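Q: Okay, here's what each chain looks like letter by letter:
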Amino acid sequence: MKRTTSALALALAAAAGFSGAALGQAKEQFVPANFYWVGPFAPGGSGIAGGMIDYFKMVNARDGGVNGVKFTWEKCETEYNNARGVECYERNKKKGPTGATLIHPLSTGITYSLIEKGTADKIPIVSVGYGRTDAADGRVFPYVFPMITTYWSQNTVKIKFMAMKSGGMDKLKGQKIVNLYLDGAYGKETIPVLDVQAKKYGFQVTHIAVTYPGNEQQAHWLQIRQIQPDWVILRGWGVMNPTALKMAQRSGFAREKIIGVWWSGAEEDVIPAGDAAKGYIAAGFNVSGSNYPVVQDMMKHVYAKGQGEMEDKSRVGSIYYNRGVVFALVTVEAVRKAQERYGKGQPMTGEQVRWGLENLDMNEAYLKKLGATGFMQPLKVSCLDHEGGGQVKFQQWDGKQWKVITDWISSDQSIVRPMIEASAAQYAKENKITPRDCSKES
Amino acid sequence: MLYREAGQFKSTYAEDQQIFPIRQDRIAVAVLLAVAFVVVPLFANQYWLSAILIPFLIFSLAALGLNILTGYAGQLSLGTSAFMAVGAFMAYNFVLRMPWLGIIPSFVLAGLCAAAVGIVFGLPSLRIKGFYLAVATLACQFFVLWALQRIGWFMNYSPSGVIAAQKIVILGYAFDSPASKYMITVTIVAVMALLAKNLVRSETGRAFMAVRDMDVAASVIGIPMMKTKLLAFAISSFYCGVAGALYVFCYLGTVEPEAFTLDLSFRILFMIIIGGVGSILGSFLGAAFITLLPIFLSVASGAFSHATGMEPSHALLSNLELIIFGGLIIFFLIVEPHGLARLWQIAKEKLRLWPFPH
Numbered sequence: 001m002k003r004t005t006s007a008l009a010l011a012l013a014a015a016a017g018f019s020g021a022a023l024g025q026a027k028e029q030f031v032p033a034n035f036y037w038v039g040p041f042a043p044g045g046s047g048i049a050g051g052m053i054d055y056f057k058m059v060n061a062r063d064g065g066v067n068g069v070k071f072t073w074e075k076c077e078t079e080y081n082n083a084r085g086v087e088c089y090e091r092n093k094k095k096g097p098t099g100a101t102l103i104h105p106l107s108t109g110i111t112y113s114l115i116e117k118g119t120a121d122k123i124p125i126v127s128v129g130y131g132r133t134d135a136a137d138g139r140v141f142p143y144v145f146p147m148i149t150t151y152w153s154q155n156t157v158k159i160k161f162m163a164m165k166s167g168g169m170d171k172l173k174g175q176k177i178v179n180l181y182l183d184g185a186y187g188k189e190t191i192p193v194l195d196v197q198a199k200k201y202g203f204q205v206t207h208i209a210v211t212y213p214g215n216e217q218q219a220h221w222l223q224i225r226q227i228q229p230d231w232v233i234l235r236g237w238g239v240m241n242p243t244a245l246k247m248a249q250r251s252g253f254a255r256e257k258i259i260g261v262w263w264s265g266a267e268e269d270v271i272p273a274g275d276a277a278k279g280y281i282a283a284g285f286n287v288s289g290s291n292y293p294v295v296q297d298m299m300k301h302v303y304a305k306g307q308g309e310m311e312d313k314s315r316v317g318s319i320y321y322n323r324g325v326v327f328a329l330v331t332v333e334a335v336r337k338a339q340e341r342y343g344k345g346q347p348m349t350g351e352q353v354r355w356g357l358e359n360l361d362m363n364e365a366y367l368k369k370l371g372a373t374g375f376m377q378p379l380k381v382s383c384l385d386h387e388g389g390g391q392v393k394f395q396q397w398d399g400k401q402w403k404v405i406t407d408w409i410s411s412d413q414s415i416v417r418p419m420i421e422a423s424a425a426q427y428a429k430e431n432k433i434t435p436r437d438c439s440k441e442s
Numbered sequence: 001m002l003y004r005e006a007g008q009f010k011s012t013y014a015e016d017q018q019i020f021p022i023r024q025d026r027i028a029v030a031v032l033l034a035v036a037f038v039v040v041p042l043f044a045n046q047y048w049l050s051a052i053l054i055p056f057l058i059f060s061l062a063a064l065g066l067n068i069l070t071g072y073a074g075q076l077s078l079g080t081s082a083f084m085a086v087g088a089f090m091a092y093n094f095v096l097r098m099p100w101l102g103i104i105p106s107f108v109l110a111g112l113c114a115a116a117v118g119i120v121f122g123l124p125s126l127r128i129k130g131f132y133l134a135v136a137t138l139a140c141q142f143f144v145l146w147a148l149q150r151i152g153w154f155m156n157y158s159p160s161g162v163i164a165a166q167k168i169v170i171l172g173y174a175f176d177s178p179a180s181k182y183m184i185t186v187t188i189v190a191v192m193a194l195l196a197k198n199l200v201r202s203e204t205g206r207a208f209m210a211v212r213d214m215d216v217a218a219s220v221i222g223i224p225m226m227k228t229k230l231l232a233f234a235i236s237s238f239y240c241g242v243a244g245a246l247y248v249f250c251y252l253g254t255v256e257p258e259a260f261t262l263d264l265s266f267r268i269l270f271m272i273i274i275g276g277v278g279s280i281l282g283s284f285l286g287a288a289f290i291t292l293l294p295i296f297l298s299v300a301s302g303a304f305s306h307a308t309g310m311e312p313s314h315a316l317l318s319n320l321e322l323i324i325f326g327g328l329i330i331f332f333l334i335v336e337p338h339g340l341a342r343l344w345q346i347a348k349e350k351l352r353l354w355p356f357p358h
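Those sequence lines, one after another, are chains R and C.
Quick note on numbering: my numbering labels position 144 of the first sequence as 144, and the sequence is numbered without any gaps.
Quick note on numbering: my numbering labels position 59 of the second sequence as 59, and the sequence is numbered without any gaps.
No lab work stands behind these hints: they were computed from the structure.
Just so we're clear, the structure is a prediction, and the values are computed from it rather than from any experiment.
Here a beta-carbon is modelled for each residue, glycine too, at the ideal position from N, C-alpha and C.
Do not take every clue at face value.
Simulated crosslink set (DSS-like; lysine-lysine; CA at most 30 Å straight-line) [claimed, not checked]: (1) 350/C <-> 10/C; (2) 429/R <-> 167/C; (3) 300/R <-> 369/R; (4) 278/R <-> 300/R; (5) 122/R <-> 167/C; (6) 400/R <-> 380/R; (7) 246/R <-> 171/R; (8) 94/R <-> 167/C; (9) 432/R <-> 10/C; (10) 369/R <-> 305/R; (11) 199/R <-> 369/R; (12) 440/R <-> 167/C.
Okay, the calculated beta carbon distance ranges per label pair [stated by the list, open to error]: (13) 139/C <-> 199/R: 50 to 60 Å; (14) 28/R <-> 173/C: 31 to 41 Å; (15) 262/C <-> 164/R: 18 to 28 Å; (16) 329/C <-> 272/R: 23 to 33 Å; (17) 271/R <-> 226/C: 21 to 31 Å; (18) 218/R <-> 120/C: 29 to 39 Å; (19) 120/C <-> 222/R: 25 to 35 Å; (20) 279/R <-> 139/C: 25 to 35 Å; (21) 271/R <-> 194/C: 55 to 65 Å; (22) 156/C <-> 291/R: 25 to 35 Å; (23) 199/R <-> 191/C: 43 to 53 Å; (24) 216/R <-> 329/C: 53 to 63 Å; (25) 361/R <-> 262/C: 39 to 49 Å.
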C-alpha cells in the first residue's frame, strides 16, 4: 500500500517538475496539441493531430521555423470530453516562452467551455470548421475565430447545392428535407438556420436527433422512411456516419440524396460502411489527396526521415490529415503575420497572434506560395468577420475515394450574417460585453 | 503515542457531543482547513487551482451527496448526474431570470429544485429497493436530460444547446480568477461537508442508518419509512444540485446537458465505492482517486516520454492510461473492499497503539 502511495507521489513530483521544465527557453512558439487518440472519435482526432504536428515539423525542418522561431507542441488527451478538455487547456496554456500561441479545441463543446477562459487569458480559440457560429462576429468575440466556414454558412451552401441538383432555388418549394443530427452542441448548431431557410424557400424540414454516440438508428430511419424526404442532411460524427449510411441502404434510401457535413465526410466515415457508402455526398472545406506541394514537402522533410506522426502512412493525404494541415497553415501564417508587426524572429504571445489572425489575408497568390492552391480556400479575416472564407466544395464517395464534384460554392451571407449579428448581440447583452468598434482597430 | 485519547476527559454534554471528540482530530481538521483556505490560494498556481482542485472539490461534494443516499440511507441511485444537471440548469435560470437574487441564494434555490426532483424520483423507493431502485433512478437520469434538451425554457431557447454560465458576482465583486473561484468552491464544500458530518450523527442520520441496515426493523421501532427515505433523497439531491451548479459556474463555464451523462452518474458511484460507502472522508478520497488519477497518469506519461526521450505513439499512451487506471481500481478493490476510508480507519487504530503494539 505504502509503495503505491510513494509511487504516486513520485509521479506527482515528476509531473510538477515537468510542467516547469518547458519555461526559460527562447525562440520557440508553443502550440498545445489537445486532441484525442482514444474513444469513438479517435480517427478524426488522431488524423488531425498528425497533420498539424507534421506540418509544424516540416516548417521547423525546411525553413527553420518562422523567421527562426521554431514551433514546439505538447500533446494532451481530451477524449472529446469537456472536463478533460478544460484540464488540458489549463495544463498547456502557460508552456513555452510566451504561453500557448492559440488553441484548436477540436470539439464544439470544448470550444464553448474555453470561450471565456481564452478571452480572459488572452489566448485565441481557433475553431476551424466547428464551434460557436455567432463568434464570427469579432466585435463581441475578439478571441474566438470560427474560421474558414461556420456551420451556418456551410448549411446555406448545402441548400444551394440541393437547389442546383433540383434545378433552381424555386424548385425547393414543397421539398422535404430531414436533418439527422447527433444530439449535442455540434449537431444542434444548424437547426435555427435551417428553420429560417425552410421558411424562405418553402421546404419542409424535420429535425431528427440521434443520441450520442449514434450507433443506434433503427427508429430514426423508420421515421425517415415514413417521411420520404427528398434529401437527408447528415450531421454525424464518428461512428454515427457509417451507421447512418448502412441504415440508409437497408431502408432503401438513395445515398446520392444524403448530404453530409464535413465531419461526416472523411475516409474513416465511409470505408466501414462498405458498399453502402457509394454515391454519398459530403461537404468539405478541404480536400483529400497527397499530390499538393504542401503535402509533398511534408513527405520529403518529415516522412523521408522517418519522423512522421502517422503510424499508418497511408493516412497521409486523407481528409482528416489534410484538415490538420489546414489547421497548421492557419496557425503558422497567423504567427508570421503577427511577427511582421511585433518583431520578426520573436516568439509571439497569444495577444499578438490574435492580431495576426484578425489580419490574416491568404489570397490565391499567398496560397500558391505555400503550395496549397486548391488545397484550401482563400481566406481573409477581419475584425468584423472572424470567419473569413465561407466556401464549401462537395465531394462524392465512389467506393474507393472522395471525388470533388463542385468548385468552391459560396455561402449565402445575406441569411447567415444577420443571424450571427443578432445572436452575438444577444450574447453581448447577456454577458454585459461592449462590442468593439472595428473602425478603431488597426 | 501521538494519537491517543487517553487523558482527554469530557465534563459536559457539549464536549461529549462535539463533531470531533478527539483533540488530535480537531487539530488535524483545523490544519486541513487552514491549508485549504490560506495556504492553497496563496501558493497553488492556476493549473492546480482550476484544473485539479476545483473539480476535485466539486466531485467530492457530489459524491458526498450520493453517499448520504447510498452509503447512509442504503438507497442505490444512478440519478446523481441528473440531480446535478437540475441544479446546474436551475442555477443558470435563477441567475438569468432573477439577477437581483445573488449567486449564493440562486445556488441554494437550485439545490432545493434538485431536492424536489429527488423527492419525486425517490417515491419508487417506498416500494422497491436494491438494484430495482437503481433502475428506477435510471429513469430519472434519462427523463431529466430529455426534459432539459427538449424544453426550450431551461436553456433560454439557445439554438446550440450550450449556454455560457454567467459570471459569479457577489456584492459587486466579480469572482473570475481561479483563486476566487476556488475560494467559493472550497467554502461551500467545507460548510456542506461539516453539515453532512453533523447530519449523520443526528437523529435523522441514525434513522437513515437504521433504514439502511434493515428497513422492517426500523419501521417497527417507529421510524417513519416514507419521511426518512424521501428526506434522504431530498438531502442527497440538494448536495448534488449544488455540486452541479458549482460544476458549471466554477469549472466548465458552460451549461449543457452533455456534461451530465449517465457516465458521470457511474463515475460518482465508483467514487463512493472506492472511497468508502457510508463515510464522509471516503467521498473525498474517492473523488480524488477517480478525478485526479487519470490526470496524473496522463501528466506522468508525458513526463516519462519527456525524460527518457522515448516517444511511443500517443494512441498507445492514451490507451495505456485507461488500462492502468482500470487496473488500479481492481487492485484497490481487492486490497480494500471497504474503500480507501477504511484504510484510514485501520491506520488510526494502529496509530493508537503505536509504538507499543502489545
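Q: Next step is simple, just say for each hint if it's right about the structure.
A: Evaluation of the provided hints:
At roughly 24 Å between alpha-carbon atoms, residue 350/C and residue 10/C fall within 30 Å of each other, so this suggested pair holds. This hinted pair checks out: residue 429/R and residue 167/C have alpha carbons roughly 13 Å apart, not beyond 30 Å. Proximity of residue 300/R to residue 369/R is assessed by CA-CA distance (about 17 Å); at most 30 Å being required, the pair is judged to hold. Taking the CA atoms of residue 278/R and residue 300/R, the gap is about 33 Å. The hint is violated against a cut of 30 Å.
Taking the CA atoms of residue 122/R and residue 167/C, the gap is about 17 Å. The hint holds against a cut of 30 Å. For the suggested pair residue 400/R and residue 380/R, the alpha carbons sit about 34 Å apart, so the restraint of at most 30 Å is broken. Using a Cα cut-off of 30 Å, the hinted pair residue 246/R and residue 171/R holds, with the two alpha carbons roughly 29 Å apart. As the CA atoms of residue 94/R and residue 167/C are separated by approximately 23 Å, the hinted pair is consistent with the 30 Å bound.
Between the alpha carbons of residue 432/R and residue 10/C the distance comes to roughly 57 Å, so the proposed pair goes past 30 Å and is violated. Between residue 369/R and residue 305/R the alpha-carbon distance is near 24 Å, which keeps this suggested pair within the 30 Å criterion. The suggested pairing of residue 199/R with residue 369/R is violated, with an alpha-carbon distance near 44 Å, which exceeds 30 Å. For the hint linking residue 440/R to residue 167/C, the alpha-carbon distance of about 28 Å falls within 30 Å, and the restraint holds.
At about 37 Å, the CB distance of residue 139/C to residue 199/R disagrees with the hint of 50 to 60 Å. Distance hint for residue 28/R and residue 173/C: a CB-CB separation of about 38 Å, consistent with the stated range 31 to 41 Å. At about 43 Å, the beta-carbon gap between residue 262/C and residue 164/R misses the expected band of 18 to 28 Å. Between residue 329/C and residue 272/R the C-beta distance comes to about 31 Å, which sits within the given range of 23 to 33 Å.
A hinted range of 21 to 31 Å for the beta carbons of residue 271/R and residue 226/C is inconsistent with their spacing of about 57 Å. One distance hint, 29 to 39 Å for the beta-carbon pair residue 218/R and residue 120/C, holds here, with the actual separation near 31 Å. Roughly 32 Å separates the CB atoms of residue 120/C and residue 222/R, a value that falls within the hinted 25 to 35 Å. As the Cβ distance of residue 279/R to residue 139/C is approximately 41 Å, the hint placing it in 25 to 35 Å is violated.
The beta-carbon spacing between residue 271/R and residue 194/C, approximately 57 Å, falls within the hinted interval of 55 to 65 Å. For the pair residue 156/C and residue 291/R, the supplied restraint of 25 to 35 Å is violated, since their beta-carbon distance comes to about 49 Å. Here the CB-CB span from residue 199/R to residue 191/C is close to 52 Å, well matched to the stated 43 to 53 Å. Roughly 28 Å separates the CB atoms of residue 216/R and residue 329/C, a value that falls outside the hinted 53 to 63 Å.
For the pair residue 361/R and residue 262/C, the beta carbons lie near 47 Å from each other, so the given range of 39 to 49 Å is met.
Consistency with the previously given hints fails for numbers 4, 6, 9, 11, 13, 15, 17, 20, 22, 24, ordered from lowest to highest.
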